[in-house]
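*Asks:* Sequence:
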Amino acid sequence: MSVRVRFAPSPTGSLHIGSVRTTLYNYFFARQQKGTLILRIEDTDQDRLVEGAIDSIYDGLRWMGIDWDEGPREGGAYGPYVQSERLPVYQEHARALVGSGAAYPCFCSKERLEEMRREQQARKEVTRYDGRCRSIEPREAADRAAAERHVVRLKVPEDGTIAIDDAVYGRIEWPLHAIEDQVLLKSDGFPTYQLAVVIDDHLMKITHVFRGEDWLPSTPKHLLVYRAFGWEVPPHAHLPNVLGPDGKKLAKRHGATKVEQFRAEGYLPEALANYLALIGWAPGTEEEVFSLADLVSRFRIEQVHKAGGKWDRERLLYFNGLWIRRLDEDELFRRVSAFAPEEWDRAVLRATIPHIRERMRTLVEARDQVSFLFTDDIPRSAEVIVPKKHEPAEVAAALGRAGVLIRYADPFDPPAVDAGLRALAEELGWPVRDVHYAVRGAVTGSRVGFSLYESIVMLGKERALDRLEQAAEAIV
RNA sequence: GGCCCGUUCGUCUAGCGGCCUAGGACACUGCCCUCUCAAGGCAGAGACCACCGGUUCGAAUCCGGUACGGGCUACCA
40 MSVRVRFAPS PTGSLHIGSV RTTLYNYFFA RQQKGTLILR IEDTDQDRLV EGAIDSIYDG
100 LRWMGIDWDE GPREGGAYGP YVQSERLPVY QEHARALVGS GAAYPCFCSK ERLEEMRREQ
160 QARKEVTRYD GRCRSIEPRE AADRAAAERH VVRLKVPEDG TIAIDDAVYG RIEWPLHAIE
220 DQVLLKSDGF PTYQLAVVID DHLMKITHVF RGEDWLPSTP KHLLVYRAFG WEVPPHAHLP
280 NVLGPDGKKL AKRHGATKVE QFRAEGYLPE ALANYLALIG WAPGTEEEVF SLADLVSRFR
340 IEQVHKAGGK WDRERLLYFN GLWIRRLDED ELFRRVSAFA PEEWDRAVLR ATIPHIRERM
400 RTLVEARDQV SFLFTDDIPR SAEVIVPKKH EPAEVAAALG RAGVLIRYAD PFDPPAVDAG
460 LRALAEELGW PVRDVHYAVR GAVTGSRVGF SLYESIVMLG KERALDRLEQ AAEAIV
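Mapping of the first sequence onto this note's numbering: position 279 corresponds to residue 318, and the numbering continues sequentially without gaps.
Don't take every hint at face value.
[Claimed, not checked] With a straight-line Cα cutoff of 25 Å, these simulated PhoX-like cross-link-like pairs (lysine-lysine) come out:
| id | residue 1 | residue 2 |
| --- | --- | --- |
| 1 | K287 | K297 |
| 2 | K297 | K345 |
| 3 | K244 | K288 |
Since the hints were made in silico from the structure, they are not lab data.
All chains, full assembly: derive it from the sequences and hints.
*Replies:* Below, the structure is given as structure tokens:
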């Protein structure tokens with residue numbers, strides 16, 4: 040039987056980086072097994088829908104380089120792939136369960152349920168549905184259900200246990216008495232997650248369920264639904280959570296959590312995938328640089344960890360720099376270009392690429408490193424122009440001399456400028472680094488940057504001379 | 001509170017009974033390279049493998065308990 044796996048985000052906002060990790064693992068497995076990857080939208084909570092969320096899911100995953108086979112826009116033999124379009128399916132199945140006695144309509148109001156919970160809490164009891172509607176005669180229940188607003192609850196056995204053999208966590212067993220009669224169908228006719236996930240996974244012939252660790256506690260509920268339908272339970276694997284630096288589930292307060300944020304901050308999808316894959320999985324060797332294709336062939340569900348992994352921005356940054364350096368110059372140019380203002384001359388920008396590729400960890404940093412070439416509005420403080428142990432007046436004079444050398448540099452190319460500045464250092468009796476410091480500060484407005492003589496030549500003779508002059512004036 | 005899960009350097013991790021006086025990577029420190037910053041190279045510091053007990057000739061690796069952390073506990077997913 041060929042493998043069919045799915046990822047099932049809720050359209051409650053833009054794509055969370057944790058969902059991406061889960062999706063990635065499903066993707067690795069599907070592609071490796073030459074199976075089918077399915078995107079299903081779980082929008083059964085009508086209150087939490089966010090406009091445009093589906094677009095954002097599509098954008099985010101596409102950008103990551105993940106492709107899938109069946110989904111809302113791709114179609115497929117098991118659609119529809121949006122749960123809100125499958126309501127009749129869930130309702131029919133819920134009815135069947137009521138018919139077979141495995142579930143029952145419940146007419147308790149939300150107010151009563153709240154009240155009940157409050158009392159249970161006050162008595163320090165476990166909060167759970169008390170089963171009041173369980174004892175209503177089936178016939179009466181059916182009559183009332185036709186007219187009254189109600190939910191459908193699963194009749195959970197009082198005792199016994201239920202267990203799963205999780206591919207990551209091993210065998211886990213739950214006592215049934217701890218599980219309440221969960222709601223399967225809400226009063227608005229929508230299914231709960233617990234019902235929809237089981238029905239859809241079954242109907243869509245999902246062969247392996249890989250999902251986040253936070254679903255582990257509700258797994259017995261799902262098993263009970265499988266049992267009620269008499270369906271076979273596919274193998275499950277729960278994946279450890281991605282945590283914030285404080286050890287709690289990664290959330291907004293930890294900083295960026297959405298793919299689109301990382302994209303906007305200049306991260307590469309290659310780096311994000313590589314980094315993300317390594318939170319919760321390791322190949323068992325000391326290798327750690329992997330492309331998507333490498334991950335597809337190397338990933339093993341048995342190697343997935345149990346413990347959650349903390350988010351480490353520094354490590355992500357490292358992978359990002361590494362993947363930036365792996366890009367060829369033309370490709371890197373294209374990516375940097377997307378972050379540069381339109382009015383910047385692309386030929387000049389392209390020329391900077393070989394000089395900055397080893398100096399950036401994000402694409403956004405590239406922009407900052409070359410902006411001096413595109414705007415004349417640069418810092419001109421003594422701090423970036425006057426090297427330590429030198430007087431402003433003396434530096435201003437040196438800048439003047441540098442100007443002369445640059446003006447008469449012939450040819451006006453990097454080696455000539457380099458030679459000129461070195462000659463100046465000798466003439467002044469300064470260390471070469473001090474001359475560079477002053478000239479770099481004057482010309483780029485910064486104390487750091489790529490090759491100074493390349494910078495000067497790229498800037499152009501006239502602009503370089505202007506800047507030397509302005510810097511000299513600024514510091515005296 | 002109840003149920004469930006987890007615990008190897010600050011962080012991501014290798015390890016699945018002897019190869020471990022615990023290896024790699026990020027971050028950190030020093031040196032080299034060098035016009036600065038990076039990148040790169042080399043070196044270093046950093047984990048009594050949460051703790052306690054047991055099994056065994058031998059345990060980071062198996063078992064039990066404890067502690068701490070986390071998740072779930074909705075007509076959310």
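*Asks:* Sort out whether K288 lies within 25 Å of K244, counting only the CA atoms.
*Replies:* Since the Cα atoms of K244 and K288 sit roughly 31 Å apart, the hinted pair is violated (cutoff 25 Å).
*Asks:* So if I understand the rule, the pair passes when the alpha-carbon distance is 25 Å or less; does K287 with K297 pass?
*Replies:* Holds. K287 to K297 sits at ~17 Å (cutoff 25 Å).
*Asks:* Can you confirm whether the C-alpha distance between K297 and K345 stays at or below 25 Å?
*Replies:* With Cα atoms ~24 Å apart, K297 and K345 stay inside 25 Å; holds.
When each numbered hint is compared with the structure, a violation occurs for hint 3 only.
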